[in-house]
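Hey, can you work out the whole structure from these sequences and the hints?
Using our numbering, you'd call the opening residue of the sequence shown number 295 and step up by one each time.
Just so you know, the hints here were simulated from the structure itself, not pulled from any lab data.
None of these values were measured; they are calculated from a predicted model.
Using N, Cα and C, we set each Cβ at its ideal position, and we do this for glycine too.
Keep in mind that a hint or two might mislead.
[Stated by the list, open to error] Straight-line distance between alpha carbons at most 25 Å, and here's what the computed SDA-like set of lysine to any residue pairs gives:
1. 413 <-> 369
2. 374 <-> 399
3. 327 <-> 339
4. 325 <-> 339
5. 304 <-> 323
6. 413 <-> 435
7. 413 <-> 350
8. 413 <-> 327
9. 413 <-> 341
10. 413 <-> 342
11. 304 <-> 316
12. 374 <-> 436
13. 391 <-> 336
14. 374 <-> 441
15. 323 <-> 335
16. 413 <-> 400
17. 323 <-> 342
18. 413 <-> 392
19. 349 <-> 424
20. 323 <-> 339
21. 413 <-> 352
22. 304 <-> 339
23. 349 <-> 369
24. 374 <-> 311
25. 304 <-> 314
26. 413 <-> 360
27. 304 <-> 334
28. 349 <-> 416
29. 374 <-> 433
30. 395 <-> 411
31. 413 <-> 348
32. 391 <-> 338
33. 413 <-> 399
34. 374 <-> 439
[What the hints assert, rightly or not] Per label pair, the in silico range of CB-to-CB distance:
35. 311 <-> 408: 41 to 51 Å
36. 433 <-> 408: 14 to 24 Å
37. 438 <-> 387: 19 to 29 Å
38. 307 <-> 364: 53 to 63 Å
39. 343 <-> 406: 17 to 27 Å
40. 326 <-> 403: 47 to 57 Å
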Amino acid sequence: MKIQGQIKLKGWERFVRLNNAVLERWANKAKCKVEDLTVNVTIEEPFRPRTTGYKSQNHCLNGIIAQVCQETGQDFASTKTYIKQMAIEMGYPRLTKRTTKGIEDVVDWWGNPMGISEKDASIEDCALLIDCAIRLASDFGINLYMGEE
Numbered sequence: 295m296k297i298q299g300q301i302k303l304k305g306w307e308r309f310v311r312l313n314n315a316v317l318e319r320w321a322n323k324a325k326c327k328v329e330d331l332t333v334n335v336t337i338e339e340p341f342r343p344r345t346t347g348y349k350s351q352n353h354c355l356n357g358i359i360a361q362v363c364q365e366t367g368q369d370f371a372s373t374k375t376y377i378k379q380m381a382i383e384m385g386y387p388r389l390t391k392r393t394t395k396g397i398e399d400v401v402d403w404w405g406n407p408m409g410i411s412e413k414d415a416s417i418e419d420c421a422l423l424i425d426c427a428i429r430l431a432s433d434f435g436i437n438l439y440m441g442e443e
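Below is the structure:
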C-alpha cells in the first residue's frame with residue numbers, strides 16, 4: 295500500500311522520548327552508544343477487533359451457525375471450523391505455527407488448513423465468516439432468521 299501526502303502522527307514526540315529512554319538502557323547494558331544501535335520501525339494499519347456482545351458480529355455469526363446446525367444436525371464446532379475453511383479461500387487468515395522448517399499452516403486431520411480463532415479476528419475477517427455462514431445456509435436452502443421478532 296502506498297501512502298501519498300502528509301501524514302499526521304499523533305503522539306509521535308512522546309513515542310520517540312519513551313523509546314529513547316529504552317534505547318539508553320539497552321545501550322548501557324550493551325556498553326555502547328545509543329547511536330550505535332539500529333532500530334527498525336514498522337507502521338501497520340490499526341487492528342480493529344471484531345465486535346462482541348448483543349447485536350454484534352460475533353452474535354450474528356454464532357446465531358447463523360446455530361441455525362445451520364439446528365437444520366442440518368451437525369455440531370457447532372465442526373460447522374464453525376468448516377466455515378473458517380471456506381473463508382480461507384476468500385482471504386481469512388490461516389492458523390500458523392513456528393517449526394524448525396519455518397512457519398507452517400496448522401491443518402486438521404484431513405490436511406485442510408485451519409483458520410485463526412475469532413478472538414484474533416478483525417472486523418473484516420469476521421465479515422468474511424458471516425458471508426461464508428450465509429452462503430453455507432443458502433447452499434442447504436435454510437431460511438435464516440436475522441433480527442428481532
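Verification of the hints:
With a C-alpha separation of about 20 Å, the suggested pairing of residue 413 with residue 369 holds against the 25 Å cut-off. A C-alpha spacing of about 18 Å is found between residue 374 and residue 399, which places the hinted pair at or below 25 Å, so the restraint holds. Only pairs whose Cα atoms come within 25 Å are accepted, and residue 327 paired with residue 339 is rejected, the gap being roughly 32 Å. Between residue 325 and residue 339 the alpha-carbon distance is near 35 Å, which puts this suggested pair outside the 25 Å criterion.
Taken as a hint, the residue 304 and residue 323 pair is broken in the structure, with Cα atoms around 31 Å apart against an allowance of 25 Å. A distance of roughly 29 Å separates the Cα atoms of residue 413 and residue 435; the hinted pair therefore is violated under the 25 Å criterion. With a C-alpha separation of about 13 Å, the suggested pairing of residue 413 with residue 350 holds against the 25 Å cut-off. For a cut-off of 25 Å, the pair hint linking residue 413 to residue 327 is broken: about 42 Å separates their Cα positions.
The straight-line distance between the Cα atoms of residue 413 and residue 341 is roughly 12 Å, inside the 25 Å bound, and the hint therefore holds. Between residue 413 and residue 342, the direct Cα distance comes to roughly 11 Å. Compliance with the 25 Å bound is thereby established for this hinted pair. Distance check on the hinted pair: residue 304 and residue 316 sit about 20 Å apart at the alpha-carbon level, within 25 Å; holds. Straight-line distance between C-alpha atoms of residue 374 and residue 436 comes to about 16 Å, which keeps the hinted pair within the 25 Å bound.
Annotation: proposed proximity of residue 391 to residue 336 holds, straight-line Cα distance about 22 Å (limit 25 Å). A C-alpha spacing of about 21 Å is found between residue 374 and residue 441, which places the hinted pair at or below 25 Å, so the restraint holds. For the suggested pair residue 323 and residue 335, the alpha carbons sit about 22 Å apart, so the restraint of at most 25 Å is met. The suggested pairing of residue 413 with residue 400 holds, with an alpha-carbon distance near 17 Å, which does not exceed 25 Å.
Pair hint residue 323 plus residue 342 does not hold up; C-alpha atoms about 37 Å apart against a cutoff of 25 Å. As the CA atoms of residue 413 and residue 392 are separated by approximately 20 Å, the hinted pair is consistent with the 25 Å bound. The hinted pair formed by residue 349 and residue 424 meets the criterion: a straight-line CA distance of about 13 Å does not exceed 25 Å. Taken as a hint, the residue 323 and residue 339 pair is broken in the structure, with Cα atoms around 33 Å apart against an allowance of 25 Å.
Between residue 413 and residue 352, the direct Cα distance comes to roughly 9 Å. Compliance with the 25 Å bound is thereby established for this hinted pair. Proximity of residue 304 to residue 339 is assessed by CA-CA distance (about 14 Å); at most 25 Å being required, the pair is judged to hold. Using a Cα cut-off of 25 Å, the hinted pair residue 349 and residue 369 holds, with the two alpha carbons roughly 23 Å apart. For the hint pairing residue 374 with residue 311, the CA-to-CA distance comes to about 45 Å; that exceeds 25 Å, so the pair is violated.
About 17 Å separates the Cα atoms of residue 304 and residue 314, which keeps this hinted pair within 25 Å; it holds. For the hint pairing residue 413 with residue 360, the CA-to-CA distance comes to about 18 Å; that is within 25 Å, so the pair holds. For the proposed pair residue 304 and residue 334, the alpha carbon gap of about 19 Å is at most 25 Å, so the pair holds. In summary, the hint linking residue 349 to residue 416 is supported, as the alpha carbons are separated by about 17 Å, within the 25 Å threshold.
About 15 Å separates the Cα atoms of residue 374 and residue 433, which keeps this hinted pair within 25 Å; it holds. At roughly 24 Å between alpha-carbon atoms, residue 395 and residue 411 fall within 25 Å of each other, so this suggested pair holds. Simply put, residue 413 and residue 348 have alpha-carbon atoms about 16 Å apart, close enough for the 25 Å limit, and the pair holds. Between residue 391 and residue 338 the CA atoms are separated by roughly 22 Å; this keeps the pair inside 25 Å, and the hint holds.
Restraint check: the Cα-Cα separation between residue 413 and residue 399 comes to about 18 Å, which is no more than 25 Å; the hinted pair holds. Restraint check for residue 374 and residue 439: the C-alpha separation of about 18 Å stays at or below 25 Å, so the hint holds. The hint said 41 to 51 Å for the Cβ distance between residue 311 and residue 408, and at roughly 42 Å that hint holds. With their beta carbons about 21 Å apart, residue 433 and residue 408 fall inside the hinted range of 14 to 24 Å.
A C-beta distance of roughly 25 Å is found between residue 438 and residue 387, which places it inside the suggested range of 19 to 29 Å. Distance hint for residue 307 and residue 364: a CB-CB separation of about 56 Å, consistent with the stated range 53 to 63 Å. In this structure, residue 343 and residue 406 meet the distance hint of 17 to 27 Å, their C-beta atoms being roughly 26 Å apart. Judged by the Cβ atoms, the range 47 to 57 Å given for residue 326 and residue 403 holds: they are separated by roughly 51 Å.
Hints 3, 4, 5, 6, 8, 17, 20, 24 from the earlier list are contradicted by this structure; the remaining hints agree with it.
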